[in-house]
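Peer 1: Next come the chains, spelled out residue by residue.
Number of protein chains: 2
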Amino acid sequence: MQITILGGGGFLGRKLAHRLSAEGSLGGRAITGLTLFDLAEPGTLDAPFPVRCLAGDVASAADAARAIAEGTGVVFHLAAVVSAAAEADFDLGMRVNLHGSLAVIEACRKLSAPPRVIFTSSVASFGGGQSALLPDDARQLPGNSYGAQKAAAELLLSDASRRGMLDAVSLRLPTVIVRPGRPNKAASSFFSSILREPLLGLETPLPVGEAFRVWVCSPRRAVDWLLHAASMDTGPLGIDRGVNPPGLAVSVGEMLAALTPAERALVKPVPDATVEAIVGGWPAEFAATRAKKLGFAPQEGVPAILAAFREDDLAATRAERGM
Amino acid sequence: MQITILGGGGFLGRKLAHRLSAEGSLGGRAITGLTLFDLAEPGTLDAPFPVRCLAGDVASAADAARAIAEGTGVVFHLAAVVSAAAEADFDLGMRVNLHGSLAVIEACRKLSAPPRVIFTSSVASFGGGQSALLPDDARQLPGNSYGAQKAAAELLLSDASRRGMLDAVSLRLPTVIVRPGRPNKAASSFFSSILREPLLGLETPLPVGEAFRVWVCSPRRAVDWLLHAASMDTGPLGIDRGVNPPGLAVSVGEMLAALTPAERALVKPVPDATVEAIVGGWPAEFAATRAKKLGFAPQEGVPAILAAFREDDLAATRAERGM
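Residue numbers (the numbering used here), protein chains in the order written: chain A, 1 to 323; chain B, 324 to 646.
In case anyone wonders, no lab produced these hints; they're calculated from the structure.
Don't take every hint at face value.
Interface residues of chain A toward chain B, partial, derived using beta-carbon atoms under 8 Å [unchecked claim]:
{"id": "1", "residue": "PHE90"}
{"id": "2", "residue": "ASP137"}
{"id": "3", "residue": "ALA138"}
{"id": "4", "residue": "ARG139"}
{"id": "5", "residue": "GLN140"}
{"id": "6", "residue": "LEU141"}
{"id": "7", "residue": "GLY143"}
{"id": "8", "residue": "SER145"}
{"id": "9", "residue": "ALA148"}
{"id": "10", "residue": "ALA151"}
{"id": "11", "residue": "ALA152"}
{"id": "12", "residue": "LEU155"}
{"id": "13", "residue": "LEU156"}
{"id": "14", "residue": "SER158"}
{"id": "15", "residue": "ASP159"}
{"id": "16", "residue": "ARG163"}
In this text, a Cβ means the ideal position worked out from N, Cα and C, and glycines have one as well.
Model the full structure from these sequences, guided by the hints.
Peer 2: Below you can see the structure in the form of structure tokens.
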């Protein structure tokens, strides 16, 4: 089976590629080739199958067609402009998050067999805010451009699935913590920083109060979900291709409680109304009943999330940051 | 105030233009000019203000910008490829229903003041089917490409409103009956035919059973709603720019009961699984509580709908069809 990862140079794309490489197969079928596609050409990786690395613009029909070549069986569509960046630059967000997804549909429908497409949508496509516990059939009423673009792309991917052009599963990923590396432009970046930076011995600002609640998952569990979505039977989904995977509802205070007192002292309250306005609109919890029935594994607690970061990413993050 | 009607050559666009002409003002402000835009250049009409008639492709940035010139205060965006046609020709539906709406956003955001945009969305953007009574916060889970394209456009128009690029109200119009003229490519076309054709003394097929229920409104009431949406205060809408106006839930049998026995005998059962598959997925009833609070007038019963057709359209339809 040929696999393509769009956004293959990003943090989740790299982790996914390494898992595919380590496992050598997906859903019991041997992987015969992997394409990593991103704006800048992704570095290659050791794998028991050929790895093709491509640079391109996902919103370009020609580039998307190169990335999704004849014979592609699975497309992980992770290419995105994140929340605060899409809010700051409307045209860029529209181009990548909406038109990029349209280019993916166009590339997929030209293949002789419809590929499975795993699309990373987001909790930012919902409203509801801090007091919300969203049922599986909650409507998407986004209060930010990123969420609107993701929700619109979901609708069009669902319709393309119904028409047999492709076979999509849209995962509305929770906020992924702990991200390795450095803070990025996502409004949710601080949810990782408040754990990662103290572990590195660094101070970090906290833009919201400790009672603030958030729906999270670890990168490791996000990759589990991506792989499950790639190999599951999509028959039970019917026309409803959006899945709210079973993340963890947690408060900032509960996250900080997993740190040592010395580490915790490095987290400094610096209220930021702009950041709070974005993340404060996202629902803090989902029922995720359907996803559990579909076999998506629930996220364990904060200690497991921290342990995964220590095992998978802490050393690499130190090295990357010259520490 | 300058007004543009996209789809100004269509049946609803013409009716709207005539109402604007008859009233001369909208929401208490004098109309200073009207642009009618359609694929084929719309015929002009007598009006107490200048009328500009344009032919163009709504999905073309240049054509949309010509239609929505500087100074435009209100845009009625009725340009669409209807349900069965969008199902039969995916590319055409995407072009007009999705990319056309994107071109409208682009044209509007270039104006020095954000115009009110009234977008005709559809009940086809919802699932639910015959047993449904949809609340105002029901999610849009369309089972057809037309509905998916309309729902995606709604999301992007809402986001553009939130960003201050325009000021949208998306009306999810019920099935509009009785349409004048001839049957068209909408899957819902028969809901008009079974009343119009017998009034003309003609036989007509009925593709579903008499117990089949449908959510309807008259063209006259649809125009009332368009005008109300153009002049209402949009503050109470917040980020939720989609409105389910208060249509009428009625069965085919109840519709036919408004005909004389001789007229009714002209309606011949001819089951059509393709048509039933499309219209059978649409919800048969909505709560429409929010719309009533917002001042949208409820649709009266079938006799009022038939009376409106007799008064407004029967003679013209006879003439058009050479009868």
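Peer 1: Taking the hints in turn, state whether each one holds.
Peer 2: Right, here's what the structure says about each hint:
{"no.": "1", "hint": "PHE90", "in the structure": "holds, 7 Å"}
{"no.": "2", "hint": "ASP137", "in the structure": "holds, 6 Å"}
{"no.": "3", "hint": "ALA138", "in the structure": "holds, 7 Å"}
{"no.": "4", "hint": "ARG139", "in the structure": "holds, 3 Å"}
{"no.": "5", "hint": "GLN140", "in the structure": "holds, 7 Å"}
{"no.": "6", "hint": "LEU141", "in the structure": "holds, 6 Å"}
{"no.": "7", "hint": "GLY143", "in the structure": "holds, 5 Å"}
{"no.": "8", "hint": "SER145", "in the structure": "holds, 5 Å"}
{"no.": "9", "hint": "ALA148", "in the structure": "holds, 4 Å"}
{"no.": "10", "hint": "ALA151", "in the structure": "holds, 5 Å"}
{"no.": "11", "hint": "ALA152", "in the structure": "holds, 4 Å"}
{"no.": "12", "hint": "LEU155", "in the structure": "holds, 5 Å"}
{"no.": "13", "hint": "LEU156", "in the structure": "holds, 6 Å"}
{"no.": "14", "hint": "SER158", "in the structure": "holds, 7 Å"}
{"no.": "15", "hint": "ASP159", "in the structure": "holds, 4 Å"}
{"no.": "16", "hint": "ARG163", "in the structure": "holds, 7 Å"}
Consistency note: the structure conflicts with none of the earlier hints.
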